[in-house]
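K.L.:
Each chain, letter by letter, is given below.
Protein chains: 4
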Amino acid sequence: MSTSNADSLVLSENANHPVNLICSLCRNFYNLGWVTGTGGGISIRERTPDHDHIFIAPSGVQKERLEPANMFVMDFPTQTYLRKPLDLKPSACTPLFMAAFSKRGAGACIHTHSQAAVLCTLLTRGKTWSIANIEQIKAIPRPSAGGYMGFFDTLVIPIIENTAHEEDLKDSLEKAIEEYPDTCAVLVRRHGVYVWGDTVWKAKTQAESLDYLFELGVKMVQLGLDPAGPITPVEE
Amino acid sequence: MSTSNADSLVLSENANHPVNLICSLCRNFYNLGWVTGTGGGISIRERTPDHDHIFIAPSGVQKERLEPANMFVMDFPTQTYLRKPLDLKPSACTPLFMAAFSKRGAGACIHTHSQAAVLCTLLTRGKTWSIANIEQIKAIPRPSAGGYMGFFDTLVIPIIENTAHEEDLKDSLEKAIEEYPDTCAVLVRRHGVYVWGDTVWKAKTQAESLDYLFELGVKMVQLGLDPAGPITPVEE
Amino acid sequence: MSTSNADSLVLSENANHPVNLICSLCRNFYNLGWVTGTGGGISIRERTPDHDHIFIAPSGVQKERLEPANMFVMDFPTQTYLRKPLDLKPSACTPLFMAAFSKRGAGACIHTHSQAAVLCTLLTRGKTWSIANIEQIKAIPRPSAGGYMGFFDTLVIPIIENTAHEEDLKDSLEKAIEEYPDTCAVLVRRHGVYVWGDTVWKAKTQAESLDYLFELGVKMVQLGLDPAGPITPVEE
Amino acid sequence: MSTSNADSLVLSENANHPVNLICSLCRNFYNLGWVTGTGGGISIRERTPDHDHIFIAPSGVQKERLEPANMFVMDFPTQTYLRKPLDLKPSACTPLFMAAFSKRGAGACIHTHSQAAVLCTLLTRGKTWSIANIEQIKAIPRPSAGGYMGFFDTLVIPIIENTAHEEDLKDSLEKAIEEYPDTCAVLVRRHGVYVWGDTVWKAKTQAESLDYLFELGVKMVQLGLDPAGPITPVEE
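Protein chains in written order, with UniProt numbering: chain P, 1 to 236; chain X, 1 to 236; chain H, 1 to 236; chain R, 1 to 236.
Calculated directly from the structure, the hints in this document are not laboratory data.
Any given hint could be a false lead.
The list makes no distinction among identical chains, and a pair is therefore deemed to hold if it is satisfied within one copy or across any two copies.
As the list claims (entries may be wrong) - Okay, derived cross-link-like pairs now, SDA-like style, lysine to any residue, Cα gap no bigger than 25 Å in a straight line: (1) Lys103 <-> Gln79; (2) Lys103 <-> Asp87; (3) Lys170 <-> Thr232; (4) Lys127 <-> Leu88; (5) Lys84 <-> Arg125; (6) Lys202 <-> Asn14; (7) Lys202 <-> Glu215; (8) Lys202 <-> Pro68; (9) Lys175 <-> Pro233; (10) Lys219 <-> Gly229.
Generate coordinates for the entire structure from the input sequences, incorporating the hints supplied.
P.N.:
Written out as structure tokens, the structure reads:
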């Protein structure tokens, strides 16, 4: 596989360098079933006093076998590529990842095709998916109130309709981000979910916690329980 | 990541040192879906002729990526920290872990957000969850009778109600520990489970066996079977 | 384990050599539940200016423990074995793999016993299985139109009936390949699926994407949803 | 951990030495959910011109963390231990494993607490569990006819009732082995399954194939299908 230029941007022995994290996290996400068949991915933003870079995995590559040489690097202020592997195409998710960086100042954005996320969008005809009174909700931030959701809160995630081309999701994703100023995620009906966070670790924690809640919500429906229903009183 | 002091407490080449076990067991628990999104964890107590120490993973760190430098160490008799990583917060589970150490003399305590545990608490409105006549029950101790549960016994695990803040569970957890002197675990409704054991390996065996029983119990309900029902006579 | 001849055909330090890929992909497929109990497998075709070789894993060997020495190598133009491990039998899938190579010019063919694939064939009495309006469909090629399926398309996979002996599937597999010129896969009722692609990576992406769709389709049926049904209008 | 004697029986750099296979296979089985909470295990028999030895993992040890030093070794003809780790107890499965070695001349016997196996025993009140017309059945031997089951055959696995103490299963296991001369497995109601084979690899293939069939059978019941029912005619 030939690469173009600026290889120093993607070569580091530091396991926490964005490029190395993208590789190790994508292996992790593959095992979670989030990036099956090259779907889904992650983009990380690195802001230092000297630069503001976006690292993105390419389109169509086996996510569990990514290598640093596969990465695209973009200069965020000018939105120009600093590094483009000659034999690869940039991810179709790029404009969506950019929405999270621009509109929310995110440090990382994760996109999954998780089946639990898709099923949650199929189990409602509404424009949001909700779950309430589950401990894991406390891992989801609520910036308007400062801090995180509480156990007794109802988590509401907006759902946008899927489009023929992934890049055409950009407008409705941005609209959902504006309409739901507290949300750290947008579900895409029959497609998956975008989740972001202030740092790569917050994005991962939030993506895992939401996926846990999506999966739990589907199981609750299978068992005849309402994920967003009230707490049933304990029988004495 | 900077660490504070007392690094010698957490640095060992022995794979069975509590700190190294916490790291390897949390990777294990992550793969079991017990500590998704930084939830859950494990605390190990090390009693030697010279000391009585509690090792605890910090709050909010990716559990499958823990490193020895992340660990908190507490002196059990004085309940003071011997080592506090400066950039991390102690786990909100700490008072709950301490309840198992103080009230039961446990050698380790495991907390999971296992979806099977949460579903078991959602499938009953009562104050306990039960299952009967399954071989795996025999891995659960019954200290009052000396030894372990039998195949023909009914396992009863108390359920306490969740609270807004994890540390507020302490009183009800301690109450359940007192009311159910044989139990090695307490379920927390809509939250997860605390499981302890005399040693780290007993705690792990008991946590795995209970999770197996929770999962089996949920599947039985899905198939129209009663986990705590009597053994149906064999058809001749 | 003794091997016969032509060992140089299967010995390479290049991780992307077909033989090494078969070994690493079969470990991957084992973890996905595709090759349980030595079922299923993969065959890769290597065309260079100098040769046109087919690499095939043997019958009855633990797929997650394959070693290069286990591989059969066939010369495609003459359909003669260049390498036959003396202590092993060629895979019963060989004629089926050959159909994909001959009829479609495939670069690799994957056979799985995936339970999701089997269940999809059990949930219909018809000669095809369908799913519509799911993002992952876009990973499936549609050569007649050039390129890939669209989100709003309905994916149709032919199902052939299983036979007593695997090699007897050849005629009906070839017939399905001819009747469905756009398909990259054929389901075998109560058995599994054959999936091929122009390259090994395309075959893998297509096999993973189809398996994702099979699994999602089964879950939809369990939840009372129709995988091939129309998109329900959003409730305002 | 101190060990007793005869360490040379369990120390080998050969990955295919029975002791090393028990360690690596138990890690494999742990990932399959077969030996959760120290349940289940495997015993391998090694017959050479010079000796006839049985290798058995101990009771109560984390199966995914077994080490060669943990192994018990028995001389089969005299049924005396050649090696007993001083700090460990022999597996309660030992008499059951011995039944497969004595009555069937097995080369290895695997015991799992697989939830799918347990569920199959709960879904019938009869003395056998059956499934028909699934490709994976062909991995199961049928010694009376020489060779293996066919696709159109019905696989019948006897179920014995569980007892308070594992060793008390011996008589009914032996009885089932005699009554079902073709079977390579016996289900134990509410407990799990014993599976054996002529070699360790055949035992593993058969255990995996049966577990695949148990799991598929449970899913079929959940979807309203009869695992042992006839093949439904294809709709034209």
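K.L.:
Please work out whether the CA atoms of Lys84 and Arg125 approach to 25 Å or closer within one copy, between two copies, in both situations, or in neither?
P.N.:
neither (40 Å within a copy, 49 Å between copies)
K.L.:
Classify it for me, Lys103 with Gln79: is the Cα-Cα distance of at most 25 Å met within a copy, between copies, both or neither?
P.N.:
within (15 Å within a copy, 45 Å between copies)
K.L.:
For Lys202 vs Asn14, is the C-alpha pair at or below 25 Å within one copy, between two copies, both, or neither?
P.N.:
within (20 Å within a copy, 32 Å between copies)
K.L.:
Could you figure out if Lys219 and Gly229 sit no more than 25 Å apart (CA to CA) within one copy, between two copies, both or neither?
P.N.:
Both, since 14 Å and 22 Å are each at most 25 Å.
K.L.:
Given identical chains, is Lys175 near Pro233, meaning Cα to Cα at most 25 Å, within a copy, between copies, both, or neither?
P.N.:
So Lys175 and Pro233 pass the 25 Å test across copies only (20 Å; inside, 39 Å).
K.L.:
Using 25 Å as the alpha carbon limit, work out where Lys202 and Glu215 are close: within a copy, between copies, both or neither.
P.N.:
within (20 Å within a copy, 29 Å between copies)
K.L.:
Between copies, within a copy, both or neither: which fits Lys103 and Asp87 at Cα up to 25 Å?
P.N.:
Classified as neither: same-chain Cα gap 31 Å, cross-chain 29 Å, threshold 25 Å.
K.L.:
Given identical chains, is Lys127 near Leu88, meaning Cα to Cα at most 25 Å, within a copy, between copies, both, or neither?
P.N.:
neither (35 Å within a copy, 38 Å between copies)
K.L.:
What label fits Lys202 with Pro68 when the C-alpha limit is 25 Å: within, between, both, or neither?
P.N.:
both (22 Å within a copy, 21 Å between copies)
K.L.:
As a check of your reading, is Lys170 near Thr232 (CA-CA no more than 25 Å) within one copy, between copies, both or neither?
P.N.:
For Lys170 and Thr232, the Cα distance is within 25 Å only across copies (22 Å; inside one copy 40 Å).
The structure fails to meet hints 2, 4 and 5 from the earlier list, while all remaining hints are met.
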